[in-house]
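S.K.: Same order as they appear, the protein sequences are chains P and G. Counting along the first sequence from 1, when you hit position 105 you're at 105 in my numbering, and nothing is skipped either side. Counting along the second sequence from 1, when you hit position 70 you're at 1070 in my numbering, and nothing is skipped either side.
You may find that some hints are simply not true.
To be verified - Derived EDC-like pairs: lysine to aspartate or glutamate, alpha-carbon spacing no greater than 20 Å straight-line: (1) 1174/G - 118/P; (2) 1174/G - 1111/G; (3) 1170/G - 118/P.
Keep in mind the hints are simulated off the structure, nothing from the lab.
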Amino acid sequence: MAQPPDHWFDEEAGPLVRPYAMTRGRTRPATGWLDVATQVMAVDSGGDPLGLGPEHQAILRLCRQPLSIAELAAYVDLPLVVAKVLLSDLIERGDVVVRAPEQVASAPGRDLLQAVLDGVRAL
Amino acid sequence: MVSVHSEQIIPASVKVLVAGGFGVGKTTLVGSVSEIPPLSTEELLTEASSGVDDLAGVEGKTTTTVALDFGRITVSPRIVLYLFGTPGQDRFWFMWDELAYGAAGAIVLIDTRRLEASFAAIDFFERRRIPFVVAVNHFEGSYDYEADEVRKALAINDSIPVVACDARKKDSSKLALIKLLEHAMSRLPAAEPKVS
Chain P
1 MAQPPDHWFD EEAGPLVRPY AMTRGRTRPA TGWLDVATQV MAVDSGGDPL GLGPEHQAIL
61 RLCRQPLSIA ELAAYVDLPL VVAKVLLSDL IERGDVVVRA PEQVASAPGR DLLQAVLDGV
121 RAL
Chain G
1001 MVSVHSEQII PASVKVLVAG GFGVGKTTLV GSVSEIPPLS TEELLTEASS GVDDLAGVEG
1061 KTTTTVALDF GRITVSPRIV LYLFGTPGQD RFWFMWDELA YGAAGAIVLI DTRRLEASFA
1121 AIDFFERRRI PFVVAVNHFE GSYDYEADEV RKALAINDSI PVVACDARKK DSSKLALIKL
1181 LEHAMSRLPA AEPKVS
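With the rest of the complex left out, here is chain G (with noise of 0.2 Å):
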């Protein structure tokens, strides 16, 4: 593989994970603060692929496709960030590994009449260690919840950040985007590196 010296010239990507309930709002947040339309791309799974090089024995595999949105930031010349919405279904969740690998944090959105929508999403995010902040969407017709009482239902830890947020304002996602990346800062290790 040539890679010598390409990183002279090749932009580092940063990879943001959007997550949260089916319809809660993720590609329109995605599409507000990304400087082109959200792309869709999809990947293609088959069960049991793992250790399968090939199409060998394809008649016994189920096969479906899981669409993926994402929107770009480039932040300059050399750093482009990617927000990538998460598939909503549940039973996508081992996409979201390869997403959230090396990822530098999330955004849960939730919609505060349908809390247990965000559930899988904050499970995945702290079982793996991933920096996340929770966005409340706003929706006609939700209350306004302080953020002790969002912590509270959703019985997360008083260090995670809750914002208000409004996915269709390119200010306020904004303003969730830099609220996760304070938030991914303040988790880094100290000066020394902690050798775990």
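Only chain P is shown next, with the shape it has when bound in the complex (with noise of 0.2 Å):
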């Protein structure tokens, strides 16, 4: 059913629109397939600051350990989708490294796949 003009969106909206202005309306990252498990770090490039938003610089600071997208996700309070686009952001300024994509986009393989067996056993 069409919207009265007058209300083009309803209040189901809001928490759309806010978290997507933190990323300037873009909702995919640039940089192609982050998955949520993908390990990041923030590397010191040197970069300029400007132009980064308090929500680029809070995952700065909490990946300078690698950590997942997941975890920073939760650590900075924004849906996945938005923590992707910002760590395309920083991944394009050279601020953040992410390990090489093709080893997160395959099921684990069997030396991997051992070595997880073998320290959940230690647990």
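Build the complex from these two chains, which are given one at a time in their own frames, with help from the hints.
M.R.: Listed below in structure tokens is the structure:
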């Protein structure tokens, strides 16, 4: 059903619009596939912090040690998709490095599974 | 994208999914083995978002948020295991696709009083050939069934491990995770990788 023209969005659009305002309306990262479990880490690129929002800076502070995208999103309290877009900005600037994407795009092989199994058994 | 040599300092991630019906104890299981209290994040979903790169025309879309709970086990300085609880409601299956992409496998947690709540999860993993085990969560008032009875009721293959579980207990959840990892390894192709 068409909305009346003076109510072109309803209140459900609220939580949608504001988080995306941080990404200037972008709804997907520019750097391609970023998995929820992908590990990222901040590096000192000597880049000018000009142009970085407070959320970008919060992400940089959090991932001085490697951290997954899901953890970053949870700690900065942003939806996953917003965290991914902000991370893609930082990746493009060279402020953040990611583990090579092909290593997260396929199911783990025997050596990795065995290492995980050994680790879980030792818990 | 800067990724050259980053694997030397950035750990590999391994994903395991914890699936099952709403209220079956997924977050409890994640919490009992995780080294951190389960974290929660959410995904914003916009209907008809495919092929749309900005919010032009947002007025025509419906939006919703899906909560995602997960835990972490640091296996070694080089490997981190994440356990993701899948959103329980059936209409968020499409989100499972992203979670399942590259996952080692899944633990399907079931409550024998509400077996049908797990059918969707079992179907999802079977169809995508993702290794899974069935963990029968213990609830007060739930009956004990033999593994074969559970397999028959769920119409799953004899090769699928069925384990009894108390999701509140670390050792019990850990055992379900070990069974899954062993099962996932048993399903890997032998020495010569098959061309499919």
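S.K.: None of the hints should be skipped; say for each whether it holds.
M.R.: Hint by hint, here is what the structure shows:
1. Restraint check for residue 1174/G and residue 118/P: the C-alpha separation of about 12 Å stays at or below 20 Å, so the hint holds.
2. Proposed proximity of residue 1174/G and residue 1111/G is supported: the alpha carbons are some 18 Å apart, at most 20 Å.
3. Between residue 1170/G and residue 118/P, the direct Cα distance comes to roughly 16 Å. Compliance with the 20 Å bound is thereby established for this hinted pair.
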